[in-house]
Amino acid sequence: MTTTTTTLPEGFAELEPYVADWARPTREERYDTRLSKTIEELEAFYDAIAARAEDAIAHLNARDLDALTDADARLLQLLYSLILVSYSVNIFNQPRIPDSGSAFFDCVAEPAV
Amino acid sequence: MTNIQDRLGTGKGKFTPLYPELGTDPVSYEDAISPEFFEAEREAIFQRSWLYVGRSERIPRPGTYFTRELPGRLASIVVARALDGAVHAFHNVCAHRGNKVVWQEHPQEESSGSCRQFMCKYHGWRYDLEGKVAHVTNEQEFFDLDPSVLRMPPIACEEFAGFIFVNLAQDPVPLRHHLGERILELESYPFQRMTQRYGFSTRIHGNWKLAIDSVCEWYHPPYVHGRFIDKDVAKAEKMVPPVDAYHYDLFPPHMLTSVPGPPPLPPREPGTAGPPARDQRWIYTLFRAGLFGPDDVPDLGELPDFLNHGGIRSWGNDQFWLFPNLSVQIWARGYYITYTYWPEAVDSHIYEIDLYFVPPENAKDRLAQELVVDSTIEFAMQDVNTIEATHSALATRAQRQFHLSDQELLIRAFHTYVRHAVEAHQPASSTGEA
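Which chain is which? The protein sequence lines are A and B, in order.
Counting from 24, one number per residue, gives the positions in the first sequence under this note's numbering.
Counting from 9, one number per residue, gives the positions in the second sequence under this note's numbering.
Bound-form chain A, shown alone:
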């Protein structure tokens, strides 16, 4: 997929390649993405977002959480995804939780933003 328009706030252009897969509005989509990737892909994503994470937090923290632009919301979703893959990269060294069998939780309620 080629991105022809800027979908993230100014200054975060190098994260653009991760938007399509990882800037997802629901936890279920982000978790599905985690399970669909190899550990090497998760590590590459982790390294890319981690390198800009403090800048992204500072950028978002200056804004009203209830009135984020679409670009800001996507940046926030990339940080949610960073948290979700951190367990794979830093704890388990694999996308899935070891020995989890068929265990899975459906998300039945989550904040709109």
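Because the hints were derived from the structure by calculation, they are not lab data.
Where is the CB? At the ideal position from N, CA and C, for every residue including glycine.
Honestly, I wouldn't trust all of these hints.
Okay, the calculated beta carbon distance ranges per label pair [unchecked claim]: (1) A:A43 - B:E369: 26 to 36 Å; (2) A:D93 - B:R211: 34 to 44 Å; (3) B:G17 - A:G124: 32 to 42 Å; (4) B:P182 - A:T61: 52 to 62 Å; (5) B:D313 - A:T29: 52 to 62 Å; (6) B:M247 - A:P121: 13 to 23 Å; (7) A:T61 - B:Q13: 52 to 62 Å; (8) B:H411 - A:D89: 49 to 59 Å; (9) A:D87 - B:L153: 52 to 62 Å; (10) A:A135 - B:L192: 32 to 42 Å; (11) A:A135 - B:H411: 46 to 56 Å.
Partial list, computed: chain A residues near chain B (C-beta under 8 Å) [stated by the list, open to error]: (12) V42; (13) I62; (14) A74; (15) E77; (16) A81; (17) L83; (18) N84; (19) L88; (20) A90; (21) L102; (22) S109; (23) Y110; (24) S123; (25) F127; (26) F128.
Model the placement of chain B on the given structure of chain A, informed by the hints.
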């Protein structure tokens, strides 16, 4: 002795001998695998206990409602707030020909909304917010019909501290009587400020009591959750609090465990998390949160006295077990989690986890909460891993006696309370082996 074990050790003795009525003998888990016991338990406990079905914030105004499909075909119910502000529950069944009255798109799925009356989708009968018939279509065509006595069948329903409970028995003891004075103390906690909700649900192929067993002792963390602590299990064993750091309390049929936890990280300036690393401690530092909560704790004022009754140094949380199937876990860092277990069959149950936070004021607080939620679910996934394995092994009956340490006091107590409830409902001779 490692540092944490020096710091948190109390020298307290064992707890189990304080409750001689529970004994110290090996136990049977026949109550978790016997289909006959399951049926007796369903009738003696789930058909006549106060069962938590949702928070009051889900129905904030008159006319708001939600439906629940209580698992195991226990009941299909509507919970609604009437015009006078009182909460009512009733079976979701039309008095005309038994159709489900309140549903949207899929009759098996739960729904919620706001209305003045409920209208049956079949023939247009209408019901008020207490479940009483308000309109019968072509009423004159019926024979000797008295609409004033017709209704969706009522269910006992009471609110406590913003928790809505129902009871399927005809004339149950009042909810507050069932809860007792120690649980009533929870009323002074500011649950109502924590409206930011994350809800999770899953089906587990194992008996519901085995799931409760798996999280009411603190013996398992270095093994089930070892990779979070240290990849070397021998090191992980030394990095958990010592056995005498925990506090247990029984007020039958309810129970409490209190757990130590790390203090919040000191405040830091933005941009000082250090160079990115593939290290979860860096993630915790970056987002200022961990399994034990956010490092920037919301100001809730002075906390009520009932918390940390056991005086744990570096207190982490209190987990109150409300018989039969609800746990309310209040965390030192200003949030709470409810865990609910709904049996479907002897070897299957629905497990619900709901986390509640003070609504975040900014992205930093929102991200910290996200990390707490994700950590909780990663840990919970590890906890549920073992339940199916335990159930299938118990069901072989190759072993029939099991051994509980002092750290597993609540397991001993909980199974005893379940058996007592079953025996109290019918003669002991007919409950089967327990």
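To see whether the hints hold, each was checked on the structure:
In this structure the supplied range 26 to 36 Å holds for A43 (chain A) paired with E369 (chain B), their Cβ-Cβ distance being about 31 Å. Checking the proposed 34 to 44 Å range against D93 (chain A) and R211 (chain B) shows it holds: the Cβ atoms sit about 36 Å from each other. For G17 (chain B) and G124 (chain A), the hinted distance range of 32 to 42 Å is satisfied, since their beta carbons lie about 36 Å from each other. At about 57 Å, the beta-carbon gap between P182 (chain B) and T61 (chain A) stays in the expected band of 52 to 62 Å.
Between D313 (chain B) and T29 (chain A) the C-beta distance comes to about 55 Å, which sits within the given range of 52 to 62 Å. Between M247 (chain B) and P121 (chain A) the C-beta distance comes to about 19 Å, which sits within the given range of 13 to 23 Å. Under the hint 52 to 62 Å, the C-beta atoms of T61 (chain A) and Q13 (chain B), about 39 Å apart, miss the expected range. H411 (chain B) and D89 (chain A) have their C-beta atoms about 54 Å apart, which keeps the hinted 49 to 59 Å range intact.
Between D87 (chain A) and L153 (chain B) the C-beta distance comes to about 57 Å, which sits within the given range of 52 to 62 Å. In this structure the hint that A135 (chain A) and L192 (chain B) lie 32 to 42 Å apart at CB holds, the actual value being about 35 Å. Our hint of 46 to 56 Å for A135 (chain A) and H411 (chain B) holds, since their Cβ atoms are close to 49 Å apart. With 8 Å as the threshold, the beta carbon of V42 (chain A) stays out of range of chain B, its nearest partner Cβ sitting at about 18 Å, so the hint is violated.
For I62 (chain A), the interface hint is violated, since its Cβ never comes within 8 Å of a Cβ in chain B; the closest pair sits about 11 Å apart. With its C-beta approaching chain B no nearer than about 5 Å, A74 (chain A) sits inside the 8 Å limit, and its interface hint holds. Contact between E77 (chain A) and chain B, as hinted, is supported at the beta carbon level, the nearest pair being about 5 Å apart and thus within 8 Å. At about 5 Å, the closest approach between the beta carbon of A81 (chain A) and any beta carbon in chain B falls short of 8 Å, and the interface hint on this residue holds.
The criterion of a C-beta within 8 Å of any C-beta in chain B is met by L83 (chain A), whose closest approach is roughly 4 Å, and the hint holds. The restraint placing N84 (chain A) at the interface with chain B holds, with a minimum CB-CB distance near 5 Å, inside the 8 Å limit. The closest approach between the C-beta of L88 (chain A) and any C-beta of chain B is roughly 6 Å, which is under the 8 Å cut-off, so the hint is satisfied. Using the Cβ-Cβ criterion of 8 Å, the hint placing A90 (chain A) at the interface with chain B is not satisfied: the shortest such distance is roughly 12 Å.
A cut of 8 Å between beta carbons decides the hint on L102 (chain A): the least distance to chain B is about 6 Å, and the hint holds. The criterion of a C-beta within 8 Å of any C-beta in chain B is met by S109 (chain A), whose closest approach is roughly 4 Å, and the hint holds. Restraint check, Y110 (chain A) versus chain B: the minimum CB separation of about 5 Å is within 8 Å; hint holds. Because the closest C-beta pair between S123 (chain A) and chain B is about 5 Å apart, less than 8 Å, the hint holds.
The restraint placing F127 (chain A) at the interface with chain B holds, with a minimum CB-CB distance near 6 Å, inside the 8 Å limit. Given hint, F128 (chain A) at the interface with chain B, holds; its Cβ is 4 Å from that chain's nearest Cβ, closer than 8 Å.
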